[in-house]
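Now for the letters of each chain:
2 protein chains.
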Amino acid sequence: MAFSGPAFEILAESTGSRARAGLFHTAHGPIRTPAFMPVGTNAAVRGLTPSELESLGADCVLANTYHLWLRPGEELIQRAGGLHAFMRWNGPMLTDSGGFQILSLRHFCHVEEAGATFRSHLDETERLLTPEAAMDVQAALGSDIAMALDICPPYDCGLVEVERSTQRTLRWAERSLAARHAPGQAVFGIAQGGTGLALRAEAAAALARLPFDGFAIGGLSVGERRTETWPALDASIDNLPADRPRYLMGVGAPEDLFEGIRRGVDLFDCVLPTRLGRTGVAFTSHGPLDLRRPAARLTDEPIEECCDCPTCQRFSVGYLHHLFRGGEELGMRLASLHNVRFLVRLVCNAREAILGAEFDSELLPSSLRREDEEEGAGRPRQVSAVAAT
Amino acid sequence: MAFSGPAFEILAESTGSRARAGLFHTAHGPIRTPAFMPVGTNAAVRGLTPSELESLGADCVLANTYHLWLRPGEELIQRAGGLHAFMRWNGPMLTDSGGFQILSLRHFCHVEEAGATFRSHLDETERLLTPEAAMDVQAALGSDIAMALDICPPYDCGLVEVERSTQRTLRWAERSLAARHAPGQAVFGIAQGGTGLALRAEAAAALARLPFDGFAIGGLSVGERRTETWPALDASIDNLPADRPRYLMGVGAPEDLFEGIRRGVDLFDCVLPTRLGRTGVAFTSHGPLDLRRPAARLTDEPIEECCDCPTCQRFSVGYLHHLFRGGEELGMRLASLHNVRFLVRLVCNAREAILGAEFDSELLPSSLRREDEEEGAGRPRQVSAVAAT
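Chains as they are written, first to last, in numbering that gives the first Met the number 0: chain U, 0 to 388; chain A, 0 to 388.
Just so you know, the hints here were simulated from the structure itself, not pulled from any lab data. Because the structure is a prediction, the values reported are computed rather than measured. There could be a bad hint or two in this list.
[To be verified] A few chain U positions that, by computed beta-carbon distances, are all more than 12 Å from chain A:
(1) E8
(2) S13
(3) L22
(4) T48
(5) G56
(6) H106
(7) C108
(8) E111
(9) A113
(10) T129
(11) Y154
(12) D155
(13) G157
(14) R174
(15) L176
(16) A204
[Claimed, not checked] Simulated DEER-style distance windows between Cβ atoms:
(17) U:A294 x A:A356: 57 to 67 Å
(18) A:E74 x U:L10: 47 to 57 Å
(19) A:P287 x U:G28: 37 to 47 Å
(20) U:H120 x A:I9: 52 to 62 Å
(21) A:R78 x U:D155: 44 to 54 Å
(22) U:D289 x A:R291: 46 to 56 Å
(23) U:H180 x A:L297: 17 to 27 Å
(24) A:R291 x U:R313: 28 to 38 Å
[Unchecked claim] Rough simulated footprint, nothing fancy, chain U against chain A, three-plus residues with beta-carbon under 8 Å:
(25) 40 to 46
(26) 72 to 86
(27) 235 to 246
(28) 321 to 328
Just so you know, even glycine gets a beta-carbon here, dropped at the ideal spot from N, CA and C.
Taking the hints into account, I'd like the entire structure generated from these sequences.
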């Protein structure tokens, strides 16, 4: 079937929650939603090959506009046939815009209305990333989903800065859409607004008026408590169009994926599975397992008996412990494989449950719940009055 | 077919050289010789899985007695079902004895007639490795081929020390055989002797009188020029039994593998393919390629067009350059995969040529020849008078 442009197809909706299952169609095939997207900042998911990611069931991989813009430069990747050809990943790809780097590299970055001026962490040169430049770079990279450049304010900044960043992000969203020029490339806007529910709702409602192919919720999971995260997420989602995919940026803890799906999120990304994997921590249904801990030494069982990942199919915790103790790269790789598969399977199981009308919060083992989560608080509805108009 | 003990089967011999092709039968299957054996010091080949090693065509993998003795300890591996079960490699395995560590860790090691006392590089405790202990550890590890504990003297030590180490190695060889107690485990002796041809010949002839299942040539490729290596190798081989496998330890440069095969070597091991791979250097038939060099940045071609490795089948040199510039683990892994496959294929092609009576020194591209090699010098015969008796 010829690709006729990005489109979101909702296949089933949960009755007991806002969860839904669907397909987001891209030029490189559909993304089954809800989906967890592994992060390949530098056009490579740390230590893993595209074939492995495919066999783990990942539909879509992320890369980062800011990092690739600096090195190797988008011209080189375009010359190689685009990001897909360069890194040999043939499925859907999403490129983050560089907005998160305005936060993470804020001590090397100055933001004005025109854009963000970065002092490169590689060679100290100054480079201006504008909303238009971010769209240009993403068009050259040829990702399937481009993100509008946003400003992600620090969690602990004052209300004035949150408000200013949120309003500027909205103006940048309009400029991003005006600059759009890669046919077939979906463009997503990013809703900011800090943790103030009124601003969250207002920003989402304003963004919802723009013809984006999907909407991301940014500025969450940046240090705030989960009791602040979920109401802010709800305030955004309440005001975003239900017929477009919702992408909760930077969230990837198992308990958070489940909670996000329940609250209507379709897409997630996070470096957590590979970052934790490299430090010797493996996800399990009973919570994180530290493979370096002395007790792991004598364990002949895999990380999880029931896990279908290539690591659990073959290697014991005792062997993984030995690899981490010896600084062997293989350990980092095997733990990363397990962790990515764990998250992909978690969202995949949720998707199957939604499709089978069996989605239920009991899918989440109680051991995965965060301690700061208010059990039974339900989804706050108080901000849904600010509807998209 | 039931395994009836280690046995070497010679299938073909070259007429123009000493090269031969065969099978060394072990409890975990045959090793096709000549063979290149990748090194997994800590029961893991740096960054690669057993499945990958198998798909690269490696028949036998090495592990290190000294390192595994210190960590995790042979009892733990025995408890896990032996080295094969622990690291999930089901093919033949060879364990080095710890003799090379007497050289590489010589500043932490004191050698007496009883054995070598190491100050552990992990926890500073003192531990005595005797020939008997090395056999015990290897029996517990359950490798298919155990090596007798030897003393590998530094390249630049005086003649007195070479002579003393060589004589002690012979006495330790006898003690190793007397201590042998793992049924079905092959035991190889190691011929030392420095670069003096008379001592080399004498040591090999003395070792040849002992009923080892195979014979290694040690103490070469430790710093000496290749013009010294090859005569010393010949002096050893001239005095070792032709019906037993010959193993040239620690040699793995492409040009050296070829030269070794021509001179009658059956087995090789080396950390070179993974060590070079991790630093961004790839073997090619035109010599080593530095993937970090600026010219690699714009190369759309694979490392070698004709290479059947998973890296060359999929990735460009430009992408690999990008990975190394960004410190991405995937680059190290992809270069290591290529390098191991390059060496395995090199010996595999040599084997096919020997079996097809087509083995010829012209198989070696002139670009692989070392500059210090004396072209056309042929194999010196002057020491062959010291025959095994």
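Open item on the list: Please check whether D289 of chain U and R291 of chain A have a Cβ separation lying inside 46 to 56 Å.
Closed with: At 35 Å between Cβs, range violated.
- [ ] Using the Cβ atoms, figure out if R78 of chain A sits within 44 to 54 Å of D155 of chain U.
- [x] holds, 51 Å
Task: chain U covers the segment 40 to 46 of chain A, three or more CB atoms within 8 Å, holds or violated - done: holds (count 6)
Task: Consistency of beta-carbon spacing, R313 of chain U to R291 of chain A, with hint 28 to 38 Å - done: holds, 33 Å
Open item on the list: Please verify that the nearest CB of chain A lies beyond 12 Å from D155 of chain U's CB.
Closed with: holds, 31 Å
Task: Least C-beta distance between G56 of chain U and chain A, which was stated to exceed 12 Å - done: Per Cβ check, G56 of chain U is outside 12 Å of chain A; nearest 19 Å; holds.
Open item on the list: If I claimed the Cβ atoms of A294 of chain U and A356 of chain A lie 57 to 67 Å apart, would that claim hold in this structure?
Closed with: Holds, at about 59 Å.
TODO: Grab the minimum beta-carbon distance between C108 of chain U and chain A and tell me whether it stays above 12 Å.
DONE: holds, 20 Å
TODO: Examine each Cβ of chain A, and state whether all of them lie more than 12 Å from the Cβ of E111 of chain U.
DONE: holds, 29 Å
Open item on the list: Please verify that the nearest CB of chain A lies beyond 12 Å from G157 of chain U's CB.
Closed with: Given a closest Cβ separation of 36 Å, the condition holds.
Task: L10 of chain U and E74 of chain A - C-beta distance against the hinted 47 to 57 Å - done: holds, 55 Å
Task: Non-interface label on R174 of chain U, tested against every C-beta of chain A at 12 Å - done: holds, 30 Å
The earlier numbered hints that this structure contradicts are 4, 22 and 27.
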